[in-house]
Amino acid sequence: MTESTAARKPRRSAGSKAAGTTGAKRTTRKTGTAAAKGSETELVQLLTPEGERIEDPAYAEYAQYVADITPDELRGLYRDMVLTRRFDAEATALQRQGELGLWASLLGQEAAQIGSGRATREDDYVFPTYREHGVAWCRGVDPTNLLGMFRGVNNGGWDPNSNNFHLYTIVIGSQVLHATGYAMGVAKDGADSGVIAYFGDGASSQGDVSEAFNFAAVYNAPVVFFCQNNQWAISESNEKQTRVPLYQRAQGFGFPGVRVDGNDVLASLAVTRWALERARRGEGPALIEAYTYRMGAHTTSDDPSRYRHDDERAAWEAKDPILRLRRFLESANHADEGFFGELEAESEALGKRVREVVRAMPDPDRFAIFENVYADGHALVDEERAQFAAYQASFAEAEGV
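Just so we're aligned: the sequence shown equals residues 1286 to 1686 in this note's numbering.
Source of the hints: derived by calculation from the structure; they are not laboratory data. Positions of the beta carbon are idealized from the N, C-alpha and C atoms, including for glycine. Check the hints yourself; a few may be wrong.
Across the chosen pairs, the derived CB separations fall in these ranges [to be verified]:
id : residue 1 : residue 2 : range
1  : A1599     : D1477     : 40 to 50 angstroms
2  : Q1536     : D1621     : 45 to 55 angstroms
3  : N1618     : F1680     : 13 to 23 angstroms
4  : E1633     : G1662     : 25 to 35 angstroms
Using the sequences plus the hints, can you model the full thing?
Written as structure tokens, this is what we have:
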């Protein structure tokens, strides 16, 4: 698969300065929680929803990591987000057409994933949930390999060690502990690579996540905890999950936490580079809360209209991460219509390839669920298998009528 032109950059010197910026601006947002009512929460932002580069002296520590980003790299980030969204849309359509059993869309979260994914080095190790399709793209995993599990024909579809990208984890929050243990091993091996663990705002309520935070802090593990706060843990809003902003939880464990505009790909890239660099230097873990929004359903089995209003989504659509970067590219004359036209054609070609590959996959074995339940078999499982076989046969009989 073709990798983006947004190449990974080495750490910037402390004296470097972001280029092509406008006047300084501090971005804050109301926390919206009962305990912190009326307080302001700083949000690291380097690109406004209108596509304007901004510079806040308070965030110079992060901005230096994208200070000399080139137009070619910016176009690469845009390409990453567009193609990831196109792949995601095709997967959603395939599920609706009965080709996949389930799909977890990343719609709206492209900047958080592409920005953080492009901050990783080849020797870093990534532990995803089941929604990190953009991060998988950045790690060089062919997008069609993500679909086998959702079709029920394999348990992952790729070798985690080939791309240092772990298999998707369905159990909520468990991969955060796995990442911490792996990072502790990295430190003991004396390597200078980093580990990044992805999880959602809902997973932050799991005990596994708190345990991982504590282990990482005590053992100074080189791990970055990347929380994509998309506002909804299925149907539970942030207000029903936490009394303080999620990034502030890091303080209680003794390591830094940062809230970044998760719809700003530049800010996501910069903050993740900062966190990974300090982890590689042996300075321990960090928590990044990417403040973003899940535009679609939690999965294709979910109906978000039952628990949230359309005006909420409309407000976040105005902050669309792809439109934001396109506005900047156009205003800075970093991309022309020829670039956008070629990308549109590439996007459609990707969608076609994904559709063809999925439809060429074998049908799942309906009886595989009964295998390996017991080492030596079991009478009850045999009975259930027979009942299921009769149920399946009834469809063939009905079609033959």
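Verification of the hints:
{"no.": "1", "hint": "A1599 with D1477: 40 to 50 angstroms", "result": "holds, 45 angstroms"}
{"no.": "2", "hint": "Q1536 with D1621: 45 to 55 angstroms", "result": "holds, 46 angstroms"}
{"no.": "3", "hint": "N1618 with F1680: 13 to 23 angstroms", "result": "violated, 60 angstroms"}
{"no.": "4", "hint": "E1633 with G1662: 25 to 35 angstroms", "result": "violated, 50 angstroms"}
Hints 3, 4, counting from the list given before, are not met by this structure.
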